[in-house]
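S.K.: Taken in order, these protein sequences are the chains called E and V.
With numbering that gives the first Met the number 0, the residue at position 204 of the first sequence is 203, and numbering never jumps.
With numbering that gives the first Met the number 0, the residue at position 148 of the second sequence is 147, and numbering never jumps.
Hints in this document: simulated from the structure, not taken from any laboratory.
Treat the hints loosely; a few may be bogus.
Stated by the list, open to error - Think about it this way: if two alpha-carbon atoms lie no more than 30 Å apart in a straight line, the pair counts; the simulated DSS-like pairs of lysine-lysine are:
(1) LYS173(E) with LYS190(V)
(2) LYS190(V) with LYS190(E)
(3) LYS21(V) with LYS21(E)
Said to hold, decoys possible - Derived DEER-like restraints, expressed as beta-carbon distance ranges:
(4) GLN22(E) with TYR67(V): 34 to 40 Å
(5) GLU137(E) with ILE77(V): 43 to 49 Å
(6) THR55(V) with ASP177(E): 26 to 32 Å
(7) GLU48(E) with LYS170(V): 37 to 43 Å
(8) ILE77(V) with ARG73(E): 48 to 54 Å
(9) ARG206(V) with ASP133(E): 52 to 58 Å
(10) VAL193(V) with GLN129(E): 27 to 33 Å
Positions of the beta carbon are idealized from the N, C-alpha and C atoms, including for glycine.
2 protein chains.
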Amino acid sequence: MADEKKYRVEVCFSPDEFDLYKQEYTAVVAIDVLRATTAICAAFENGVEKIIPVSTVEEAQAYKDKGYLAAAERNGQIVDGFAFGNSPYSYMTPEIKGQTVVLTTTNGTRAINIAAKTHKVLIGSLINLQAVIDYFVEKPENVLLLASGWQGKFNLEDSICAGAVTDALLKSGKYMSDEDSTIAATFLYQKASVNYFGFLKASSHRRRLRNLNLNEDIKYCLTPNQTRVLPVYKDGALVNSEP
Amino acid sequence: MADEKKYRVEVCFSPDEFDLYKQEYTAVVAIDVLRATTAICAAFENGVEKIIPVSTVEEAQAYKDKGYLAAAERNGQIVDGFAFGNSPYSYMTPEIKGQTVVLTTTNGTRAINIAAKTHKVLIGSLINLQAVIDYFVEKPENVLLLASGWQGKFNLEDSICAGAVTDALLKSGKYMSDEDSTIAATFLYQKASVNYFGFLKASSHRRRLRNLNLNEDIKYCLTPNQTRVLPVYKDGALVNSEP
């Protein structure tokens with residue numbers, strides 16, 4: 000084992016810190032459990048062809064004006080004038096099958112676009128957790144799990160999802176880690192995995208969404224392994240990776 | 000209890016994120032367990048009169064040229080030309096009694112100076128943990144625990160020290176918290192407090208210092224409650240707060 004090359008897996012808690020971490024990885028997994036990356040996975044599970052992540056509402060509006068299906072969320076709510084935001088349930092409709100959707104969200108699309116400038120980006124969430132793990136166990140490479148956080152701050156659900164991946168990759172024997180953020184995320188996952196709902200009861204973002212009557216969304220977002228899709232960023236858009 | 004005003008206690012994992020957190024607090028506790036804030040507490044325990052924290056080696060050099068006792072550390076080592084760095088043991092000498100010391104370190108003095116622009120700043124570490132807790136239990140106010148991190152990144156030992164304070168203040172019944180970073184730090188402390196050394200065995204910074212043969216420093220820094228000093232920033236320098 001000592002002679003075997005190990006790949007590196009680490010956790011970055013916020014897109015604001017990405018520059019401190021980005022150098023040593025070939026792949027980045029963008030994670031926004033509540034709700035952007037969960038909604039993206041749900042959309043691919045329901046047959047969407049492409050998702051174009053944009054960072055601003057203005058960009059989304061420009062696409063909408065050209066006739067694209069466009070989704071925009073800010074602070075947990077659908078932006079006025081858009082048909083849908085980042086509720087996974089809004090993507091469970093035959094309307095999106097084979098379509099291209101343009102999406103902007105408060106935190107998640109920002110993380111994707113920051114990382115996509117320099118790295119291969121994949122989309123992670125609890126609903127496609129095992130698909131993410133299997134991908135990196137089968138073809139190991141240096142990978143950074145990038146939590147979207149909440150307006151630049153640490154958030155619990157993304158960090159726990161990242162910790163679920165690091166826990167599995169480190170146990171695979173093919174990976175090592177060197178950052179304290181990875182130790183912390185892995186511990187938090189181990190503690191939370193017994194009962195996601197209980198552990199996240201106090202999370203600030205969950206409270207924020209509960210106040211918006213989004214309990215059904217939360218339940219969906221916190222239920223692991225509902226799909227095998229693994230969206231990947233290619234040529235300006237997210238597509239489903241080849242199996 | 001529902002009617003009683005609760006004060007707020009939160010954790011910020013890095014000086015780089017301070018701007019996201021700073022608005023709502025009257026006090027900030029700067030924490031750099033390995034080793035700046037520990038060394039500062041050790042210096043006051045050993046009779047230093049004042050410590051002037053500066054952010055750059057150049058500033059420290061300018062004070063040194065004027066005849067001040069000056070200490071400078073970068074990347075765990077004493078900067079060439081300075082008599083001491085941030086080892087707590089270097090402050091356990093009669094030489095510093097009644098003196099003013101100028102200090103610059105990789106992470107800790109930066110955290111102090113960032114926060115001191117706008118807030119009352121106190122110095123926290125594991126060695127004066129109970130003094131910090133008692134201060135805020137006796138005179139509650141909104142307080143942010145600012146981990147120094149490592150070059151902007153999350154670090155385990157500062158986060159755990161912050162979590163030790165939040166754990167005690169939340170249990171006092173006088174405080175509430177709202178940030179996910181606080182939930183995470185409190186949990187990490189609860190997990191670590193059984194055995195600091197075991198938990199931090201893998202911490203990146205501890206490995207960094209061990210490679211520099213600083214095991215004695217690490218043991219000292221991770222042993223809680225060795226002093227009741229509580230340094231506070233006033234008029235450009237740290238002084239011991241009145242008991």
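S.K.: Using the beta carbons of GLN22(E) and TYR67(V), state whether their distance is inside 34 to 40 Å or not.
M.R.: 38 Å, holds
S.K.: Tell me if the beta carbons of THR55(V) and ASP177(E) are separated by a distance inside 26 to 32 Å.
M.R.: 28 Å, holds
S.K.: Could you see if the CB distance from GLU48(E) to LYS170(V) stays within 37 to 43 Å?
M.R.: 53 Å, violated
S.K.: Could you tell me whether the CB distance from ARG206(V) to ASP133(E) stays inside 52 to 58 Å?
M.R.: At roughly 31 Å between Cβ atoms, ASP133(E) and ARG206(V) fall outside 52 to 58 Å, so the hint is violated.
S.K.: For LYS173(E) and LYS190(V), compute the direct alpha-carbon distance and say whether it is at most 30 Å.
M.R.: 27 Å, holds
S.K.: Can you let me know if the beta-carbon spacing of ILE77(V) and ARG73(E) is within 48 to 54 Å?
M.R.: Cβ of ILE77(V) to Cβ of ARG73(E): about 50 Å, so the range 48 to 54 Å holds.
S.K.: Can the restraint linking LYS21(V) and LYS21(E) be considered satisfied, given a maximum Cα separation of 30 Å?
M.R.: Status holds; Cα separation ~26 Å.
S.K.: Tell me if the beta carbons of VAL193(V) and GLN129(E) are separated by a distance inside 27 to 33 Å.
M.R.: About 32 Å separates the Cβ atoms of VAL193(V) and GLN129(E), which means 27 to 33 Å holds.
S.K.: Assess, step by step, whether the Cα of LYS190(V) is no farther than 30 Å from the Cα of LYS190(E), and give holds or violated.
M.R.: Roughly 10 Å separates the two Cα atoms, so the pair holds.
S.K.: Please test the hint of 43 to 49 Å on the beta carbon pair from GLU137(E) and ILE77(V).
M.R.: For GLU137(E) and ILE77(V) the Cβ distance comes to about 48 Å; the hint holds.
The structure fails hints 7, 9 (numbered hints given earlier, in ascending order).
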